[in-house]
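Engineer: Next come the chains, spelled out residue by residue.
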Amino acid sequence: AQSVTQLDSHVSVSEGTPVLLRCNYSSSYSPSLFWYVQHPNKGLQLLLKYTSAATLVKGINGFEAEFKKSETSFHLTKPSAHMSDAAEYFCVVSPTSGTYKYIFGTGTRLKVLA
Amino acid sequence: NAGVTQTPKFQVLKTGQSMTLQCAQDMNHEYMSWYRQDPGMGLRLIHYSVGAGITDQGEVPNGYNVSRSTTEDFPLRLLSAAPSQTSVYFCASSYKNQPQHFGDGTRLSIL
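As they're listed, the protein sequences go chains A and B. Going by our numbering, the first residue of the first sequence is number 1, and it counts up by one from there. Going by our numbering, the first residue of the second sequence is number 1, and it counts up by one from there.
Just so you know, not all the hints are guaranteed correct.
[Claimed, not checked] The list that follows gives simulated cross-link-like pairs (lysine to any residue, SDA-like), each with its CA atoms no further than 20 Å apart:
1. A/101 - B/57
2. A/101 - B/59
3. A/42 - A/112
4. A/42 - B/88
5. B/9 - A/41
6. B/14 - B/62
7. B/96 - B/52
8. A/49 - B/96
Please keep in mind that the hints were generated in silico from the structure rather than gathered at the bench. This one's a predicted model, so the numbers in the text were calculated from it and none came from an experiment.
Can you make the complete structure from the sequences, with help from the hints?
Structural biologist: Next comes the structure, spelled out in structure tokens:
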């Protein structure tokens, strides 16, 4: 069965410092993986996606993620946090063959301190 | 290009009332789904559809009905509202295995 674990429910960083949001997955197949961002009272917006091409994926707003099959991880990073990055972030695994259910992590709330 | 449109954005109901949350997409996606989002619980799948005329249950389907008569529309019906259904509801659509596109959500309160 597929699963996604976001290792931190809350992360706090200072503005201008690096961001690391951790995601581990479990899948019997080579999955497609996504990161979404949700700002307060908004819907979910796609940040980036991994679909078995390059293992280092660049997304919007300076975010990137690296797919590491040996570690079953897909951590989200950004070199320098901005106040506008404060939001909730979700790691998602796409359905495998024969299923249609996307698997969501429980989310990581990022706080950026001035 | 409107993407995924949800209506209404806000709604307050009394216990026992029924209502329909509307969802429409204009991207010709075959896959559509409804989620509810509650604090600390992430997104939970209520129902989903893989094409017109085909629907299936997610992990929290009780108290909700869906139908999919067209590719574009996927309404969610609350049969008899209960306070436990107070939540934020999101509709999403996609091609299979591709990233989902989300609506802006419906904030529903049941008194």
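Engineer: None of the hints should be skipped; say for each whether it holds.
Structural biologist: How the hints compare with the structure:
Between residue 101 of chain A and residue 57 of chain B, the direct Cα distance comes to roughly 10 Å. Compliance with the 20 Å bound is thereby established for this hinted pair. Our distance criterion of 20 Å between C-alpha atoms is met by residue 101 of chain A and residue 59 of chain B, whose separation comes to about 10 Å. Distance check on the hinted pair: residue 42 of chain A and residue 112 of chain A sit about 18 Å apart at the alpha-carbon level, within 20 Å; holds. Pair hint residue 42 of chain A plus residue 88 of chain B holds up; C-alpha atoms about 10 Å apart against a cutoff of 20 Å.
Note on residue 9 of chain B and residue 41 of chain A: the hinted pairing holds, with a Cα-Cα distance of about 11 Å set against a maximum of 20 Å. For the proposed pair residue 14 of chain B and residue 62 of chain B, the alpha carbon gap of about 18 Å is at most 20 Å, so the pair holds. Taken as a hint, the residue 96 of chain B and residue 52 of chain B pair is honoured in the structure, with Cα atoms around 14 Å apart against an allowance of 20 Å. Our distance criterion of 20 Å between C-alpha atoms is met by residue 49 of chain A and residue 96 of chain B, whose separation comes to about 14 Å.
Consistency note: the structure conflicts with none of the earlier hints.
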